[in-house]
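Keeping their order, the protein sequence lines are chains A and B. Every number in this note's numbering is 1 more than the matching position in the first sequence, counting from 1. Every number in this note's numbering is 8 more than the matching position in the second sequence, counting from 1.
Misleading hints may appear alongside valid ones.
Straight-line distance between alpha carbons at most 30 Å, and here's what the computed BS3-like set of lysine-lysine pairs gives [unchecked claim]: (1) A/LYS121 x B/LYS59; (2) A/LYS174 x B/LYS195; (3) B/LYS162 x B/LYS76; (4) B/LYS20 x A/LYS119; (5) B/LYS105 x A/LYS176; (6) B/LYS59 x A/LYS39; (7) A/LYS174 x B/LYS236; (8) B/LYS162 x A/LYS121; (9) B/LYS236 x B/LYS20; (10) B/LYS76 x A/LYS177; (11) A/LYS176 x B/LYS20; (12) B/LYS105 x A/LYS67; (13) A/LYS174 x B/LYS105; (14) A/LYS67 x B/LYS195.
Quick list of the computed label-pair ranges, beta carbon to beta carbon [what the hints assert, rightly or not]: (15) A/LYS46 x B/LYS195: 34 to 44 Å; (16) B/VAL135 x A/ASN140: 33 to 43 Å; (17) B/VAL135 x A/ILE102: 24 to 34 Å; (18) B/LEU49 x A/GLN51: 20 to 30 Å; (19) B/GLN24 x A/ALA61: 24 to 34 Å.
Residues on chain B that point at chain A, a partial pick, calculated with CB under 7 Å [to be verified]: (20) GLY33; (21) PRO37; (22) ALA38; (23) VAL51; (24) ARG54; (25) LEU57; (26) ALA73; (27) PHE77; (28) PHE81; (29) ALA197; (30) LEU209; (31) ILE212.
If you are wondering where the hints come from, they were derived from the structure by calculation, not from laboratory data. Yeah, the Cβ is synthetic: ideal placement off N, Cα and C, and Gly gets one too.
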Amino acid sequence: MESPELTVAPTTAQRCETCYKDVSPDDAFCQSCGYPLKGTEQEQKAFRLQHDFRNIDLFAFNSKIKKASNALYYLSGIFVVSGLIIYFVNTTAENAVAVLITNLILAMVFLALAGYSKKKPLACIISGLCLYAIIVILNAIVDPITIVSGIFFKIVVIGFLINGLKSALEVEKIKKENNLS
Amino acid sequence: MEEPANLEIHKKLCVQCEAIIAASGKFCPACGARQIAASVLSVENRWILLKQAALFYSIHIVVCAVSKFVSFFDTLMWELVTVVVLWIASVAFFTDKWTENKRLFNWRSFSWPKLAAYLAIAMTGAVLVHYSVGWLNITLFSKDEHYYIFAGNKVLNTITVIFFTAITPAIFEEIGFRGYLLNTLLKVADAPQAIYISAFLFAIIHLSFISLFWLIPFAIFQGYMRLKEDTLWYGIFFHFAFNLTGCIFELF
Chain A
2 MESPELTVAP
12 TTAQRCETCY
22 KDVSPDDAFC
32 QSCGYPLKGT
42 EQEQKAFRLQ
52 HDFRNIDLFA
62 FNSKIKKASN
72 ALYYLSGIFV
82 VSGLIIYFVN
92 TTAENAVAVL
102 ITNLILAMVF
112 LALAGYSKKK
122 PLACIISGLC
132 LYAIIVILNA
142 IVDPITIVSG
152 IFFKIVVIGF
162 LINGLKSALE
172 VEKIKKENNL
182 S
Chain B
9 MEEPANLEIH
19 KKLCVQCEAI
29 IAASGKFCPA
39 CGARQIAASV
49 LSVENRWILL
59 KQAALFYSIH
69 IVVCAVSKFV
79 SFFDTLMWEL
89 VTVVVLWIAS
99 VAFFTDKWTE
109 NKRLFNWRSF
119 SWPKLAAYLA
129 IAMTGAVLVH
139 YSVGWLNITL
149 FSKDEHYYIF
159 AGNKVLNTIT
169 VIFFTAITPA
179 IFEEIGFRGY
189 LLNTLLKVAD
199 APQAIYISAF
209 LFAIIHLSFI
219 SLFWLIPFAI
229 FQGYMRLKED
239 TLWYGIFFHF
249 AFNLTGCIFE
259 LF
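Chain A with its partners taken away, still in its complex shape (with noise of 0.2 Å):
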């Protein structure tokens, strides 16, 4: 009875169809994405299109996080202009090169968090949203009415942001669940 399985030729007959796992014979279910190997044609059609909606989703959630980390690269190049803006409006004041170094130090915090938000989008776009609120309500303790300058642009911003947040937790949960990660 076993000589017949070890001739078969452990290309096709050994992986999933669908994840391209390693499968064993004696399985009934792939083990990595629950493909059901020994199922009827309908219901591996139906996983099958399950599996597709799925990664609809995730390339749905995916474009999310792609906004806000494309929100954080704005926010990065919004703080080089400005930073060199006020720079050179006033290059007597005292404190323009501070002004001049924060800002460019905070591009380049802003500049690193949207580079790396491919790989963990996550602690990335967490850390953004929670610098940015803590800039907006710093100016606004300094000088109130910063606070209504831009309201649009912040809201835009801030909306990206937790967006792509809560994007970033869906695809962590389909990454873990597909075996992905």
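Chain A is already provided as a structure; the job is to place chain B on it using the hints.
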């Protein structure tokens, strides 16, 4: 029937039908059931945890920002009020999950050599930071900060500074950030991300640019230590030794 004792280390039992499967298997090969660790929370639950952590952090941002940048609150009385508000926040959030958090006050891994080693690292770090920060402050921002609260009374001044900058932050920042916040983040993200996020948030709440470059490594080390030792006590003593060394430089 195989006895569980005969099970090899890289095998486990299916949660539904108890078939033997590989430890790395995500699905049971016999019944197809998904093998989920009990600790994995749903997205909704993790979102609620994050919102709670955001509330904790917002309280810290507002209190720290107001006490540091509004000159009206520059008195010792308000300093005390600030500290008490932050204590209450840290203790309240920590005790909200008391049953699962209280184990952090156990000190099973206690050992004198280990404690001495951590204290030595803290003091060395503080000395390095003192000289590098002094240099950076003078070269970049041309200012030199000092503590003179009771300029006339040296003893009272010393006690106040040590109380405000060494004792209370060591206890309450550890309870708040390494206790409540890190524990919450560990349920939301994997351990390296949780340590990093809590460290970054801890660093930027100090509202000081120059300090960022040493606060982040400091807090990452603290987070790693808290996970490795599974107790808050090493962190509290480490933090105390670090801040005390800084105080001594400022005062004498």
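Outcome of the hint check:
no., hint, verdict
1, A/LYS121 x B/LYS59, "holds, 19 Å"
2, A/LYS174 x B/LYS195, "holds, 12 Å"
3, B/LYS162 x B/LYS76, "holds, 24 Å"
4, B/LYS20 x A/LYS119, "violated, 33 Å"
5, B/LYS105 x A/LYS176, "holds, 29 Å"
6, B/LYS59 x A/LYS39, "violated, 44 Å"
7, A/LYS174 x B/LYS236, "holds, 25 Å"
8, B/LYS162 x A/LYS121, "violated, 49 Å"
9, B/LYS236 x B/LYS20, "holds, 26 Å"
10, B/LYS76 x A/LYS177, "violated, 43 Å"
11, A/LYS176 x B/LYS20, "holds, 21 Å"
12, B/LYS105 x A/LYS67, "violated, 35 Å"
13, A/LYS174 x B/LYS105, "holds, 24 Å"
14, A/LYS67 x B/LYS195, "holds, 24 Å"
15, A/LYS46 x B/LYS195: 34 to 44 Å, "holds, 37 Å"
16, B/VAL135 x A/ASN140: 33 to 43 Å, "holds, 35 Å"
17, B/VAL135 x A/ILE102: 24 to 34 Å, "holds, 25 Å"
18, B/LEU49 x A/GLN51: 20 to 30 Å, "holds, 22 Å"
19, B/GLN24 x A/ALA61: 24 to 34 Å, "holds, 31 Å"
20, GLY33, "holds, 4 Å"
21, PRO37, "holds, 4 Å"
22, ALA38, "holds, 6 Å"
23, VAL51, "holds, 5 Å"
24, ARG54, "holds, 5 Å"
25, LEU57, "violated, 10 Å"
26, ALA73, "holds, 5 Å"
27, PHE77, "holds, 5 Å"
28, PHE81, "violated, 11 Å"
29, ALA197, "holds, 5 Å"
30, LEU209, "holds, 6 Å"
31, ILE212, "holds, 6 Å"
Hint violations for this structure: numbers 4, 6, 8, 10, 12, 25, 28, all remaining hints satisfied.
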